Amino acid sequence: MTSAATVAQAPPPVRRERIMRGPVDTVVTVVLAALLAWVAWRTARFVFVTGDWEIIRVNLTNLLVGLFPRGALWRPMVGLVASVLALAFGVGATRPIPTGPRPPAPTGRAWLSAVSPAWPLLLLVGVLLGLTRSPVPVVALAWLALGATAAWAAGRRVPRRKAPWAIVGAVLVIAAAAGLLVSFGGPGPEAMGGLLLTLWLALAGILLSFPFGVLLALGRRSELPAVRLVSAAYIELTRGVPLVALLFMGAFVIPLLLPPRPDPLGTVSRALASIVLFTAAYVAEIVRGGLQSVPSGQVDAALAVGLPPLTATRLIVLPQALRAVIPPLVGQFITLFKDTSLVVTIGLLDLLGMTTSLSAQPQFLGSDLQAETLAFASLLYWVGAYSMSRASRRLEARLGVGGR
Amino acid sequence: VKGTRVRFGVRRLRRVAVQLVFLVAIGGMVAWLGSNLSANLRRLGFSTDYSFLSQPAGFDIAGSDFDSSSTVLEAMRVGTRNTIQASAVGIVLATALGLTVGICRLSPNWLLRRLGTMFVETFRNVPVLVIILFMYLAVVLKFPPIEQPLRPLGLAVVSNRGIWLPAPLRGFVPLVSVLVLGAVVAAVVTAALARRGARRRGLAGGGILLVALIAAWASAGAGLSVPQQAGRVVTGGIRVQAGMVALVAGLVLYTSTHIGELVRASIQAVPKGQGEAAEALGLSSSQRLRLVVIPQALRIMVPPLANQYLNLTKNSSLGVAVGFAELTLVTRVATSSASPAPQAISVLMGVYLALSLLIAAATNLLNRRLLAAGQR
Chain W
1 MTSAATVAQA PPPVRRERIM RGPVDTVVTV VLAALLAWVA WRTARFVFVT
51 GDWEIIRVNL TNLLVGLFPR GALWRPMVGL VASVLALAFG VGATRPIPTG
101 PRPPAPTGRA WLSAVSPAWP LLLLVGVLLG LTRSPVPVVA LAWLALGATA
151 AWAAGRRVPR RKAPWAIVGA VLVIAAAAGL LVSFGGPGPE AMGGLLLTLW
201 LALAGILLSF PFGVLLALGR RSELPAVRLV SAAYIELTRG VPLVALLFMG
251 AFVIPLLLPP RPDPLGTVSR ALASIVLFTA AYVAEIVRGG LQSVPSGQVD
301 AALAVGLPPL TATRLIVLPQ ALRAVIPPLV GQFITLFKDT SLVVTIGLLD
351 LLGMTTSLSA QPQFLGSDLQ AETLAFASLL YWVGAYSMSR ASRRLEARLG
401 VGGR
Chain F
405 VKGTRVRFGV RRLRRVAVQL VFLVAIGGMV AWLGSNLSAN LRRLGFSTDY
455 SFLSQPAGFD IAGSDFDSSS TVLEAMRVGT RNTIQASAVG IVLATALGLT
505 VGICRLSPNW LLRRLGTMFV ETFRNVPVLV IILFMYLAVV LKFPPIEQPL
555 RPLGLAVVSN RGIWLPAPLR GFVPLVSVLV LGAVVAAVVT AALARRGARR
605 RGLAGGGILL VALIAAWASA GAGLSVPQQA GRVVTGGIRV QAGMVALVAG
655 LVLYTSTHIG ELVRASIQAV PKGQGEAAEA LGLSSSQRLR LVVIPQALRI
705 MVPPLANQYL NLTKNSSLGV AVGFAELTLV TRVATSSASP APQAISVLMG
755 VYLALSLLIA AATNLLNRRL LAAGQR
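Chains as they are written, first to last, in our numbering: chain W, 1 to 404; chain F, 405 to 780.
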C-alpha cells in the first residue's frame with residue numbers, strides 16, 4: 001500500500017481545455033457532472049433534511065469513551081492534551097534532511113495551502129459544532145490548536161544537535177499519557193470503550209508489537225538455521241490467517257492455554273494480545289525490508305574496524321534500517337487503526353461496536369437510525385485515517401527516505 | 405594456525421549451543437502451553453482430539469440445504485465453499501472496478517480524474533468492516549420486502565432477503581469449467597504456435613475461445629433461468645443471500661481502491677521513454693498501450709495484486725458480522741454449540757492458510773510467465 005503511494009506521482013497539471021475536448025469528452029464530462037450533482041444532492045439531503053442526528057448528539061460521550069467511568073474522564077483528557085503538545089513539540093524539533101534544491105515556495109493562494117492539510121479536521125470541528133450546538137468543544141479545540149502551535153514553535157527552537165532528545169522526550173510523554181489511563185489508580189483498559197478503545201488498541205498494539213517484530217526480523221535474517229526457520233514459520237503462518245481468526249483465538253483459546261485461574265486476562269487485554277501477535281508479523285516484514293536496504297558494505301566496514309557482530313547490528317545496521325521504515329510503520333499503524341474495528345466480532349464495544357449497539361437503546365428502539373450512526377462512525381474513522389496518511393506522506397518527504 | 409582452528413571449533417560449538425538453547429526454550433514453552441490446554445480441556449469436559457468433526461453439528465446453516473444432523477466436518481465444508489464463492493466473486497468484481505478506477509485516475513479528463521481520486525480517498529480510509537456493515541444495515545436490509553421486490557429489467561428479483569439473479573439452466577459449474585478448459589487449451593495452442601513463429605496465432609486462440617464459449621453455453625443448458633416471484637416464493641435463477649450481497653459489496657468497494665492505486669502506480673512506473681519510443685516507431689496509440697506499456701505495467705502489478713487478493717480472501721471472514729455463513733461464522737457457531745474451540749479454530753486457520761498458499765502459488769506461476777527472460 002505504502003509502496004504504491006510512494007511510487008505514485010502527482011497528476012499532470014490541470015489544463016482547462018481537457019474537460020471539453022471533442023464530443024466523447026464532452027459527453028463524459030456532462031454525465032459525470034450530473035452524477036456528481038446527484039450524489040451531492042442526496043448527501044446534502046441526508047445530512048440536513050432526512051437524517052435524524054439526535055441519537056449521535058445524546059450519545060456523543062458514549063461514542064468517544066464508551067462506558068469509561070465518568071469520574072475518571074480527566075485522565076484521557078489530560079493524556080490527550082499532553083500527547084498533542086508533545087507530538088507538536090517533537091514535529092517542530094525534527095528538521096527536514098536537505099536532499100538537494102528546495103521546492104519553490106507556493107505562490108498565490110497561500111492561505112489555501114495553509115488550510116488545506118487541515119480541512120478534514122476543520123470538517124470534524126464543524127460537525128461537532130452542529131451536533132452539540134454549544135461552543136464549548138470548539139473553544140476547547142481552539143485552545144488545544146493554539147497550544148499545539150506554541151509547542152511546535154518551541155520545538156523549532158531546539159538546536160539541531162539536541163533534536164533527537166526532544167523526540168525521545170515527546171515519545172516518553174506520550175507513553176506516560178497512556179500510562180495515566182491504565183495505572184496510577186486509573187480504571188484500566190477493560191473499562192475503555194468507543195473511540196478511546198479504538199485508539200488504545202491501535203497505539204498499544206503498534207508499540208508492543210514493535211520490539212517483537214524487530215526480534216522476528218533479526219531472527220529471520222539470522223545465521224543460525226533454527227532461529228531463522230522458527231521466525232520465518234511464525235511470520236508466514238501469521239500472515240496467512242485473518243485477524244478475525246486470531247481474535248477468536250485470543251478470546252476463546254488464550255484462557256485455555258494458561259494455568260486455570262479465574263479470568264487471567266480481561267477481554268480487552270486478550271484482544272490486544274491477538275492484535276500484537278498479528279501485527280508483529282507485519283512489522284517484522286517491514287523491518288526486514290529496512291534491514292535489507294542497509295548496504296552490506298556498512299556491516300563489512302563495522303566488522304573490519306573490529307566491532308563484534310551484535311554490536312555492529314545494534315549500532316550500525318538497526319539505526320539506519322529503522323529510519324528507513326518509519327513511513328511504512330506509520331502506514332501499518334493506519335491499517336491497524338482501521339483493523340481494530342474487527343474486535344466487534346468478539347463483542348467488544350469499540351467505536352464501531354458502540355455505534356452498532358446504539359440502536360438497541362430503549363429510547364431509539366425501532367427508530368431505524370443505522371445509516372446515521374454508521375455515517376458518523378465512518379466520518380470519525382475517515383478523518384483519522386485520511387489525516388494520518390497525509391501526515392505520513394509529509395513525514396516521508398521530511399525524512400528524505402528514498403530521496404538520497 | 406592451530407589457534408585459529410581451535411577458536412573456529414569453539415565458535416561452531418557456541419552456534420550449536422545457542423540454537424539448542426533457543427529450540428529448548430521454544431519447545432518448552434509450547435509444551436507448557438499444550439499441557440495447560442489439555443488439562444483445561446479435560447477439566448471442562450471437552451475432548452482433546454479432532455473427533456468432534458465427525459459428530460452431528462446440531463445447527464442449521466441459512467441459505468443452504470445443510471441440516472443439523474450432518475457432521476461438523478460437513479458444516480465446515482459448506483462454510484469453506486461459501487468463503488471461496490464470496491472471495492472469487494469479490495476478486496473478479498474488485499479487479500474490474502479497480503482497473504476502471506485506476507484508468508480513470510490517469511484519464512486526461514479532469515473531472516473523471518477527480519472523481520476517481522474522490523472514490524479512492526473515500527473508501528480507502530474507512531475500515532472495511534464499517535463499509536460492510538453500512539451495506540448490510542443501511543442498504544441491503546432497506547431493500548423492499550420480498551412481497552414487492554424490485555424487478556430491474558424483469559431479469560432479477562431484489563429484496564431485503566437477498567437478490568435472485570438469472571442463471572444458466574444447469575448452473576454455473578459446467579459453464580465455468582468448460583470456459584476454463586477452453587482458456588487453457590487456447591493458451592497452450594497459442595504458445596505452441598508462437599514457438600513455431602506462426603502468424604495469426606491470435607486468430608487461432610480467439611477461435612478456440614469462441615468455440616469454448618459456445619460449448620460452455622450449450623453445456624450449461626443453452627438458456628437462462630430467470631427468477632420469478634409470487635408472494636413470498638421465488639422460483640428459478642440463483643439466490644445471493646443478503647449477507648453475501650453486503651459482504652461482497654463492501655469487500656469490492658474497499659479492495660478496488662487499493663487495486664486502483666496499484667494500477668495507476670504501475671502504469672506510471674513504466675518509464676516515459678518507452679511510450680515515446682513506441683510513438684517514434686509509428687505504433688498506434690492502442691498498439692503502444694497493448695504491446696509496450698501494459699506488458700511492462702503488468703510485471704510491476706502482479707505481486708502486489710496477489711497481496712490484495714490475499715487480503716480480500718482473508719477479509720471475507722467478516723461475513724461473520726453480517727450473518728453470512730462463511731467458514732468463520734460456521735466455526736464460531738460450532739464452538740458455541742459443542743465443538744472444542746482450540747481444535748475448531750486450528751481447522752479454520754488451516755483452511756485459510758491453504759487458501760493463501762493456493763493464491764500465492766497461482767500468482768507466482770503467472771508472475772514467472774510475465775517476467776522477461778533476463779529477469780527470472
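It is possible that part of the hints are untrue.
As the list claims (entries may be wrong) - Computed spacing ranges between beta-carbons, pair by pair: (1) W:Leu73 to F:Met522: 51 to 59 Å; (2) F:Gly627 to W:Val58: 38 to 46 Å; (3) W:Arg157 to F:Arg419: 28 to 36 Å; (4) F:Lys546 to W:Ala140: 52 to 60 Å; (5) W:Leu122 to F:Leu628: 25 to 33 Å; (6) F:Ala466 to W:Gly366: 17 to 25 Å; (7) F:Arg419 to W:Leu122: 27 to 35 Å; (8) W:Glu236 to F:Gly635: 50 to 58 Å; (9) W:Leu207 to F:Leu774: 33 to 41 Å; (10) F:Ser688 to W:Arg228: 50 to 58 Å; (11) F:Gly635 to W:Gly366: 22 to 30 Å; (12) F:Leu774 to W:Glu54: 29 to 37 Å.
No wet-lab data here; the hints were simulated from the structure.
All of these numbers come straight from a predicted model, not from anything done at the bench.
Just so you know, even glycine gets a beta-carbon here, dropped at the ideal spot from N, CA and C.
Hints the structure fails to honour: Per hint list: 1, 2, 3, 4, 5, 7 and 12 violated.
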